[in-house]
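S.K.: If you want the building blocks of each chain, they are given just below.
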Amino acid sequence: MTLLQGWKGVLSDDRTKENYKQYVTGWEEKIHSLLEFDIDRNAESAAAGPLAGVPFAVKDNIAVKNFNLTCGSKILETLNSPYTATAVERLQAAGARVVGKTNLDEFGMGSSTDNSALAQTNNPWNLNAVAGGSSGGSAAAVAAGLVPFALGSDTGGSVRQPASFCGCLGLKPTYGSVSRFGLVAYASSLEVIGVLAKEVDVMEAVYDIIAGRDEKDQSSVARPEVAPHTEIKKVGVLRQIAELSPAIEAAYQAAIEQVKSLGLEVVEIDIPALDYVVPAYYTIATAEASANLARYTGIRYGHRTADDSSMEQMVAASRNEGFGDEVKLRILLGTYVLRSGFQDQYYIRAQKIRTAIRNGFDEAFQAVDVMLTPVFPTQSFLRGEGELTPFQQKLADKFTAAANLAGIPALTYPTGVAGGLPTAMQLLAPDFAEHRMFELVRRLTDEQGNIAPVGYDEGWRK
Amino acid sequence: MNVNELKTTAQLAMLDIPDPEKLAQAFTEMLENFSKMMEVDVEGLEPTTHALAQGNRLRNDTPRGTDESDALLARAPARKDRFFKIPNVL
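One line per chain: the protein sequences are A and B, in this order. With our numbering applied, the first sequence closes on residue 462, and no number is skipped along the way. With our numbering applied, the second sequence closes on residue 90, and no number is skipped along the way.
Note that these hints are calculated values from the structure, not bench results. Owing to the predicted nature of the structure, the values given are computational and were not obtained by experimental measurement. Heads up, the beta-carbon is just placed ideally off N, CA and C, and yes, glycines get one too. Misleading hints may appear alongside valid ones.
Stated by the list, open to error - Think about it this way: if two alpha-carbon atoms lie no more than 20 Å apart in a straight line, the pair counts; the simulated DMTMM-like pairs of lysine to aspartate or glutamate are:
{"id": "1", "chain 1": "A", "residue 1": "Lys-233", "chain 2": "A", "residue 2": "Glu-268"}
{"id": "2", "chain 1": "A", "residue 1": "Lys-198", "chain 2": "A", "residue 2": "Glu-385"}
{"id": "3", "chain 1": "B", "residue 1": "Lys-85", "chain 2": "A", "residue 2": "Asp-40"}
{"id": "4", "chain 1": "B", "residue 1": "Lys-36", "chain 2": "A", "residue 2": "Asp-344"}
{"id": "5", "chain 1": "B", "residue 1": "Lys-22", "chain 2": "A", "residue 2": "Glu-439"}
{"id": "6", "chain 1": "B", "residue 1": "Lys-36", "chain 2": "A", "residue 2": "Asp-275"}
{"id": "7", "chain 1": "A", "residue 1": "Lys-65", "chain 2": "B", "residue 2": "Asp-67"}
Stated by the list, open to error - To give an idea of the interface, some chain B residues facing chain A are shown, with a C-beta separation under 7 Å as derived from the structure:
{"id": "8", "residue": "Leu-23"}
{"id": "9", "residue": "Ala-24"}
{"id": "10", "residue": "Gln-25"}
{"id": "11", "residue": "Val-42"}
{"id": "12", "residue": "Leu-45"}
{"id": "13", "residue": "Ala-71"}
{"id": "14", "residue": "Lys-80"}
As the list claims (entries may be wrong) - Here are the in silico distance ranges between beta carbons for each label pair:
{"id": "15", "chain 1": "B", "residue 1": "Pro-63", "chain 2": "A", "residue 2": "Ser-309", "range": "49 to 55 Å"}
{"id": "16", "chain 1": "A", "residue 1": "Lys-17", "chain 2": "B", "residue 2": "Arg-64", "range": "34 to 40 Å"}
{"id": "17", "chain 1": "B", "residue 1": "Leu-58", "chain 2": "A", "residue 2": "Ile-241", "range": "40 to 46 Å"}
{"id": "18", "chain 1": "A", "residue 1": "Gly-6", "chain 2": "B", "residue 2": "Glu-46", "range": "46 to 52 Å"}
Starting from the given sequences, assemble the full structure and let the hints guide the process.
M.R.: Here is the structure:
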């Protein structure tokens, strides 16, 4: 079957266009995944190509001309983007059309999307459960079938964790393999634009289109001319994994058995530095955030306070009024760890631990072709009592943030459903070995059937 | 970690925090977590600033791409002609 065949005509035929709007509106009343939705706005950008006529959605911290670029923040609530991110431009050149911008934790800071100042996104599987974050809007939109794929950004797991919470695929590519031009900066040395999709073939096609060196991003890198092999014989698992919820523990053990049943050898791997992923990650991420978010002053764009009593007061008040509590916390932490006298203790030390983590993965990939780990210690959590606290959510980033510190690619895939919510696992691979993970996920999900929430429908496309 | 330290940090970050107590607990919790890093022997490890760093990339200092200055200026909250307007600093 041709890629995305069912999606290709939906924007060109009046009847399916109307069906499409109705389907999206029906879901959006419940999940609020999209901050903007307009299937006609960027119609003139339509090109011929492998994705001709295919709609997609973009996280609202990635620039698309004519759409807003709010980052889920009050400070940018009215900002309209004057230009388009390179990754989006490449998809448009392949014929795809942006139809909406998706909700997110403010500036990508969070694991539930409940840190958005603009909307509350609900999980399509259970409206009282969070969509995950920070790319929760992209994950919910894909899982509900509103778009065949969406772009997100992944700084410490922000594509993969919501994908796992909502039951779709999430790819964090090799650092630098996708241009960050047009991605609003949060933690520049960690983040990369990633892909959320329901089908691995779609994810692969999208990744192949957006990847590559870009003159507008000096940290972007070309993929090697000889791609890493895609043949898989050995799969690494971490020796010590604790504190998984029962459902995730069961899914993890089942995934290991499934790998064995494919005739692959499972090898235990020990990377002691991984015990320090969370402090190293949050030290580096907040340090970079404090510098990157210094640009929001109320002077050049974004929210400006009415308090004009002095320059300093105007800036400090604009930032107070515009930023939410989680963003303020991270700016303060980042400023603190960079203060003179504290740098060696925090920031430099974190960067050295980062080296140890990278070395650990380099060594691991001498012994195995890919690694299999959980994504997050729990499934999506319900709001209210029993909800993970913001601090517990941060501690739970250990499996995902490791890949950002090391720069390696990672792919999460749904493994099933337990208690009415999806479960998922993560694959890790060496630099630029994305296709090795696509191959393995194809084999792992081959007989899985459609993992989708009640109300998911493809019938309206016909 | 006392509240005065937090206020000093907020000043350095040019950020008003009207209710520092509200953030203090979360702040302290995270700093305690960061302190765990002191257990690690980092002897002989170089700091990593970027995964896959490929050295400095230099280019000529010449304008490239399209001039979007009008569109960018149009987004300023306060402006006079082609200048950003700010409170008096003198």
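S.K.: Could you run down the list of hints and mark each one as holding or not?
M.R.: Against the structure, the hints:
Distance restraint check for Lys-233 of chain A and Glu-268 of chain A: the Cα-Cα separation of roughly 14 Å lies within the 20 Å cut-off, and the hinted pair is therefore satisfied. This hinted pair does not check out: Lys-198 of chain A and Glu-385 of chain A have alpha carbons roughly 31 Å apart, beyond 20 Å. Restraint check for Lys-85 of chain B and Asp-40 of chain A: not satisfied, since their Cα atoms lie roughly 36 Å apart, outside the 20 Å limit. At roughly 14 Å between alpha-carbon atoms, Lys-36 of chain B and Asp-344 of chain A fall within 20 Å of each other, so this suggested pair holds.
At roughly 48 Å between alpha-carbon atoms, Lys-22 of chain B and Glu-439 of chain A are farther apart than 20 Å, so this suggested pair is violated. Proximity of Lys-36 of chain B to Asp-275 of chain A is assessed by CA-CA distance (about 10 Å); at most 20 Å being required, the pair is judged to hold. Taking the CA atoms of Lys-65 of chain A and Asp-67 of chain B, the gap is near 15 Å; set against the 20 Å cutoff, the hint holds. A hinted interface residue such as Leu-23 of chain B counts as satisfied when its beta carbon comes closer than 7 Å to some beta carbon of chain A; here the least separation is about 6 Å, so the hint holds.
Annotation: interface hint on Ala-24 of chain B violated; nearest CB of chain A at approximately 10 Å, more than 7 Å. Annotation: Gln-25 of chain B was flagged as interfacial toward chain A, and the flag is violated, the nearest CB pair being 9 Å apart, outside 7 Å. The closest approach between the C-beta of Val-42 of chain B and any C-beta of chain A is roughly 4 Å, which is under the 7 Å cut-off, so the hint is satisfied. With 7 Å as the threshold, the beta carbon of Leu-45 of chain B comes within range of chain A, its nearest partner Cβ sitting at about 4 Å, so the hint holds.
Evaluation of the Ala-71 of chain B hint against chain A yields a held restraint, the C-beta minimum of about 4 Å falling below 7 Å. At about 13 Å, the closest approach between the beta carbon of Lys-80 of chain B and any beta carbon in chain A exceeds 7 Å, and the interface hint on this residue is violated. For the pair Pro-63 of chain B and Ser-309 of chain A, the beta carbons lie near 38 Å from each other, so the given range of 49 to 55 Å is not met. Here the CB-CB span from Lys-17 of chain A to Arg-64 of chain B is close to 39 Å, well matched to the stated 34 to 40 Å.
Taken as a hint, the range 40 to 46 Å holds for the pair Leu-58 of chain B and Ile-241 of chain A, whose Cβ atoms sit roughly 44 Å apart. For the pair Gly-6 of chain A and Glu-46 of chain B, the beta carbons lie near 51 Å from each other, so the given range of 46 to 52 Å is met.
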